[in-house]
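I would like the entire structure built from these sequences, with the hints used as guidance.
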Amino acid sequence: MLLDAIIMLGSNEGDRVQNILTATALVTRNVGQVSGMSPVYESAPWGKASQPWYYNRALHVRTALGAHQLLAACLKVENDMGRQRHEKWGPRLIDIDLIYYSDAVLSGNGLTVPHPHIAKRKFVLVCLAALGTVLKHPVTGLSSVEMLEACKDKLEVKRLSPQPL
Numbered sequence: 012m013l014l015d016a017i018i019m020l021g022s023n024e025g026d027r028v029q030n031i032l033t034a035t036a037l038v039t040r041n042v043g044q045v046s047g048m049s050p051v052y053e054s055a056p057w058g059k060a061s062q063p064w065y066y067n068r069a070l071h072v073r074t075a076l077g078a079h080q081l082l083a084a085c086l087k088v089e090n091d092m093g094r095q096r097h098e099k100w101g102p103r104l105i106d107i108d109l110i111y112y113s114d115a116v117l118s119g120n121g122l123t124v125p126h127p128h129i130a131k132r133k134f135v136l137v138c139l140a141a142l143g144t145v146l147k148h149p150v151t152g153l154s155s156v157e158m159l160e161a162c163k164d165k166l167e168v169k170r171l172s173p174q175p176l
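The sequence shown lines up with residues 12 to 176 when you count with the working numbering.
These are computed hints drawn from the structure, not numbers from a lab. Treat the numbers as computed from the prediction; the structure is a model and nothing was measured. Among the hints, erroneous ones may be present.
[Said to hold, decoys possible] Taking lysine-lysine and the BS3-like style, the derived pairs with C-alpha atoms no more than 25 Å apart in a straight line are: (1) LYS99 / LYS87; (2) LYS131 / LYS165; (3) LYS131 / LYS99; (4) LYS59 / LYS169; (5) LYS59 / LYS165; (6) LYS59 / LYS131; (7) LYS131 / LYS147; (8) LYS163 / LYS59; (9) LYS165 / LYS147; (10) LYS169 / LYS131; (11) LYS59 / LYS99; (12) LYS169 / LYS99; (13) LYS147 / LYS169; (14) LYS165 / LYS99; (15) LYS99 / LYS163; (16) LYS163 / LYS147; (17) LYS131 / LYS163.
Rendered as structure tokens:
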């Protein structure tokens with residue numbers, strides 16, 4: 012059985028466009044069928060301002076993997092791409108976060124779904140709204156658009172033009 016998952020990609024080191032494209036290809040190969048993707052957005056860094064801006068994209072994935080297997084596959088993509096974990100919210104070659112796993116609500120064993128900071132991060136909500144998925148937050152019942160309208164995060168998020176493939 013295939014389940015819907017929403018994965019968020021981010022990069023602010025090296026060739027950010029190529030990092031997002033490579034991560035998208037590796038997610039397709041290792042996680043499941045990418046059935047939708049948001050445009051790529053450039054966003055001000057969240058959590059630690061003194062670093063380069065991020066490129067972000069949300070992916071809608073249809074996967075047969077369980078939630079923990081999916082997280083492990085995403086972490087493997089990060090590792091395969093050369094991600095180094097030096098500091099919380101610091102610069103990164105690639106970051107892959109599991110935002111939603113169907114309508115599951117999970118907490119423990121290194122995984123919290125839905126991602127606990129969705130409603131606080133404008134860059135996530137902009138990507139989710141652009142993705143156009145009908146998935147709603149399984150706890151609040153709010154859509155991405157509704158959460159974006161209520162979001163207090165005022166950091167700049169702008170759509171890249173032209174869009175990478």
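For each hint, the structure was consulted:
1. Between the alpha carbons of LYS99 and LYS87 the distance comes to roughly 19 Å, so the proposed pair stays at or under 25 Å and holds.
2. For the hint linking LYS131 to LYS165, the alpha-carbon distance of about 10 Å falls within 25 Å, and the restraint holds.
3. For the hint pairing LYS131 with LYS99, the CA-to-CA distance comes to about 17 Å; that is within 25 Å, so the pair holds.
4. In summary, the hint linking LYS59 to LYS169 is supported, as the alpha carbons are separated by about 19 Å, within the 25 Å threshold.
5. Annotation: proposed proximity of LYS59 to LYS165 holds, straight-line Cα distance about 14 Å (limit 25 Å).
6. Pair hint LYS59 plus LYS131 holds up; C-alpha atoms about 15 Å apart against a cutoff of 25 Å.
7. Taking the CA atoms of LYS131 and LYS147, the gap is about 15 Å. The hint holds against a cut of 25 Å.
8. At roughly 17 Å between alpha-carbon atoms, LYS163 and LYS59 fall within 25 Å of each other, so this suggested pair holds.
9. Note on LYS165 and LYS147: the hinted pairing holds, with a Cα-Cα distance of about 22 Å set against a maximum of 25 Å.
10. As the CA atoms of LYS169 and LYS131 are separated by approximately 17 Å, the hinted pair is consistent with the 25 Å bound.
11. Note on LYS59 and LYS99: the hinted pairing holds, with a Cα-Cα distance of about 9 Å set against a maximum of 25 Å.
12. At most 25 Å may separate the alpha-carbon atoms for a hinted pair to count; LYS169 and LYS99 meet this at roughly 24 Å.
13. For the hint pairing LYS147 with LYS169, the CA-to-CA distance comes to about 23 Å; that is within 25 Å, so the pair holds.
14. A hinted pair counts as satisfied when its Cα atoms are at most 25 Å apart, and LYS165 with LYS99 qualifies at roughly 21 Å.
15. For the hint linking LYS99 to LYS163, the alpha-carbon distance of about 22 Å falls within 25 Å, and the restraint holds.
16. Proximity of LYS163 to LYS147 is assessed by CA-CA distance (about 19 Å); at most 25 Å being required, the pair is judged to hold.
17. For the given pair, LYS131 sits about 7 Å from LYS163 by alpha-carbon distance, which is consistent with the 25 Å threshold.
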